[in-house]
Amino acid sequence: MRPLTLRRLLLQCFALLVILFVVVVIAIKFGAVPVSLYALGRDLWNVLLHQRTNISSDYVLIIQNIRLPRILLGIMVGASLSVAGTSFQALLRNPLADPYVLGVSSGAGLGAILALIVEPHVTLSPVFAALLTPLGAFLGAAATVTVVYLLGRREGQIDSTTLLLGGVITASFISAIIMFLMSTLTGNLRGLSFWLMGDLSTPLQKSVYWFLGIGFLGASGAIYTTASDLNLLLAGEKEAMHLGVDVPRVRLVVYIAASLLTGLAVSVSGAIGYVGLIVPHVMRLIFGSDHRTLLPTAAIGGAIAVVFADTLARTVVAPNELAVGAVTAVVGAPLFIYLLRRRLA
Amino acid sequence: MSGLAKQLFQTVTFAAATLLLGTAPFRAQSTSLSSSPSPVYREVTDETGRSVRIPQPVRRIVSLAPSLTETVYALGLQDRLVGDTEFCDYPPDAQKKTKVGGAINPSLEQIAALHPDLVLVTKGLNRLETVHALDSLGISSYATDPHTVNDIIASSKKLANLLGVPDAGASVAAEMEHQLAALQQRLASSPAKRVLFVVWHQPLISVGKHTFIADALRYAGAVSIVDAEQDWPQVSLEEAARLQPDYLAFAASHSEASPPGLEALSTLPGWRIMEAVANRRYAVISDAVNRPAPRIVSAIEELARQLHPELFAEKPGNLNENSVKEKMEKEKTGKDKDEKTPPPLIQPPHLAFSLLSGALRGSDAVPGGRACVR
Chain Y
1 MRPLTLRRLL LQCFALLVIL FVVVVIAIKF GAVPVSLYAL GRDLWNVLLH
51 QRTNISSDYV LIIQNIRLPR ILLGIMVGAS LSVAGTSFQA LLRNPLADPY
101 VLGVSSGAGL GAILALIVEP HVTLSPVFAA LLTPLGAFLG AAATVTVVYL
151 LGRREGQIDS TTLLLGGVIT ASFISAIIMF LMSTLTGNLR GLSFWLMGDL
201 STPLQKSVYW FLGIGFLGAS GAIYTTASDL NLLLAGEKEA MHLGVDVPRV
251 RLVVYIAASL LTGLAVSVSG AIGYVGLIVP HVMRLIFGSD HRTLLPTAAI
301 GGAIAVVFAD TLARTVVAPN ELAVGAVTAV VGAPLFIYLL RRRLA
Chain C
346 MSGLAKQLFQ TVTFAAATLL LGTAPFRAQS TSLSSSPSPV YREVTDETGR
396 SVRIPQPVRR IVSLAPSLTE TVYALGLQDR LVGDTEFCDY PPDAQKKTKV
446 GGAINPSLEQ IAALHPDLVL VTKGLNRLET VHALDSLGIS SYATDPHTVN
496 DIIASSKKLA NLLGVPDAGA SVAAEMEHQL AALQQRLASS PAKRVLFVVW
546 HQPLISVGKH TFIADALRYA GAVSIVDAEQ DWPQVSLEEA ARLQPDYLAF
596 AASHSEASPP GLEALSTLPG WRIMEAVANR RYAVISDAVN RPAPRIVSAI
646 EELARQLHPE LFAEKPGNLN ENSVKEKMEK EKTGKDKDEK TPPPLIQPPH
696 LAFSLLSGAL RGSDAVPGGR ACVR
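Read top to bottom, the protein sequences are chains Y and C. Here the first sequence is numbered in the working numbering, starting from 1 and rising by one per residue. Here the second sequence is numbered in the working numbering, starting from 346 and rising by one per residue.
Some clues are possibly wrong.
[To be verified] Within a straight-line C-alpha distance of at most 20 angstroms, the following computed EDC-like cross-link-like pairs (lysine to aspartate or glutamate) qualify:
#, chain 1, residue 1, chain 2, residue 2
1, C, Lys442, C, Asp424
2, Y, Lys238, Y, Asp159
3, C, Lys503, C, Glu392
4, Y, Lys206, C, Asp480
5, C, Lys503, C, Glu520
6, Y, Lys206, C, Glu474
7, C, Lys502, C, Glu392
8, C, Lys444, Y, Asp58
9, C, Lys502, C, Asp512
In short, the hints are calculated from the structure, not lab data.
Starting from the given sequences, assemble the full structure and let the hints guide the process.
Quick look at the structure:
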């Protein structure tokens with residue numbers, strides 16, 4: 001492991017941020033409604049000069065009120081999923097761990113659906129009502145992580161194969177419950193099937209963006225404080241304990257924070273699969289497996305991946321839209337097989 | 346700095362600024378720019394109980410459901426329709442409108458770019474999320490939610506009032522009511538046929554009792570054998586066999602939902618335990634029956650004719666002489682009927698259905714379709 005310098009970390013993050021900005025520009029430019037680069041540049045220029053009367057109404061409607069909020073959401077969801085994936089991979093010492101594969105996304109989805117079902121039957125203040133779905137998603141995610149973790153333990157140590165199988169089984173069990181709920185309940189659950197595939201098309205209340213942003217910064221900040229411990233954990237739980245790592249504390253912090261990140265992401269976008277799997281891997285290949293660099297680079301990488309995938313989802317069959325989860329799965333599933341085979345070889 | 350680099354730089358700087366500042370400062374402006382200087386709003390409650398503000402007059406309409414598109418045409422407001430979905434295929438002119446995607450996943454930006462005064466949605470098809478999204482963009486939407494044929498009539502009238510053409514609404518409603526009354530008179534003496542309405546065949550999906558389709562069956566002198574609370578219940582073949590419908594009813598020509606050719610149906614495992622399948626007692630009607638729009642009356646009449654042919658063969662003249670004669674001719678000449686009718690616009694995947702839907706298209710323009718064809 002090369003020694004970490006702040007300079008190198010900043011340089012890496014800067015390089016990724018440049019890529020993110022390019023992807024954001026592409027995402028702003030392309031969509032179902034064609035926007036010429038000239039018109040875009042002119043409008044942006046007027047925005048910068050605060051000459052509001054010269055800004056075209058199409059710009060305000062389409063770029064500012066539709067595309068930008070969606071890009072912002074993609075950035076936050078991608079970063080959350082990717083950091084959660086990185087954390088799960090370190091904690092479970094399994095490179096194939098990912099909120100989706102481990103069933104955590106399904107658990108969060110079930111929690112969110114239960115919250116949606118409960119919502120009409122309880123009277124809450126509007127502020128708390130808006131938080132009910134994220135809260136349900138978080139509880140669902142946390143419960144699933146606990147169950148999968150318990151299933152994956154063998155003689156006090158985490159067993160990779162058992163853990164993955166536990167995750168897959170849990171995910172399909174939860175999916176079955178979701179299917180049951182959807183086929184028995186009446187009312188507006190039709191949107192759920194689309195949502196379960198991963199969907200960023202719905203603009204959200206402004207307060208939700210703040211909530212997401214603060215939640216992301218808090219949870220990933222908490223995970224980042226354990227970055228050095230996560231490096232040592234890669235050697236094994238016992239070994240890390242001998243090296244002075246407070247393993248139970250690290251485990252608790254990372255579990256809660258990663259579940260919170262998954263819950264937040266799922267509650268606003270449904271289950272977008274494989275982002276938490278692929279992005280940390282690619283970042284590990286490029287920048288090495290030091291979690292002090294891996295966590296921030298994975299966050300930016302996740303944002304790039306989701307914004308890019310969502311741009312494809314918006315444009316490939318325009319004016320129809322694909323679920324962004326379908327795009328990430330098409331890329332992610334083959335890569336998952338590749339990683340699995342390489343690991344077995 | 347080259348032009349492109351400059352634009353990129355601006356976009357990037359702006360993106361950063363927007364991420365920091367949020368989008369609030371410009372929101373107020375979007376309304377002032379996108380519509381006329383001093384828009385007058387009318388506050389109404391839509392059929393889902395939402396209170397909505399709708400600019401008056403409504404000059405630009407986007408429809409997110411085929412039924413609403415048909416209703417707009419039936420009211421003669423097609424010139425105000427600036428966008429619809431890819432499923433809006435009737436009347437054929439509706440296919441030429443700007444498409445905003447499907448009903449479930451329309452493109453918000455495509456809708457916004459059309460600057461509609463009003464977006465029409467229906468609870469049975471569109472997603473609540475779409476409505477919320479439109480709300481957040483300051484685009485007015487109005488939702489219909491018909492559960493009976495009477496609801497469809499009332500809904501068309503309400504929509505006509507909302508769009509400022511109450512007379513057109515009244516005449517469409519009167520036409521529908523007149524045709525239904527005539528039909529009821531004809532069917533009064535005959536007991537209702539027990540029908541299994543097949544929405545989808547694998548798995549077998551039928552209609553629940555709170556759907557407008559179940560109600561439409563009642564108007565056609567039929568009763569659905571399925572009595573479910575859910576709108577689109579999955580029915581086991583065993584249950585269907587236990588209930589033994591007199592007829593199976595299908596909506597044809599909607600390429601996505603077409604069952605296999607009717608010939609193939611009796612070869613599907615398990616289906617022959619229904620006597621109606623073994624004896625090929627099928628009623629195939631226009632997919633207008635799937636759409637809560639004025640044209641549903643013509644589908645109801647088609648179904649009634651197929652279920653109760655004796656009532657229509659006896660005394661032609663009361664309803665519509667031409668169509669009855671045409672119908673009788675068809676029954677006599679059998680397969681030759683298809684040669685007279687124009688080919689279907691969209692070729693359904695199965696031959697049996699394309700033949701049938703071709704025949705139906707020819708006849709359905711006559712009785713109930715009149716209000717829609719302009």
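Checklist entry - Hint by hint, which ones does the structure fall short of? => result Failing hints: none at all.
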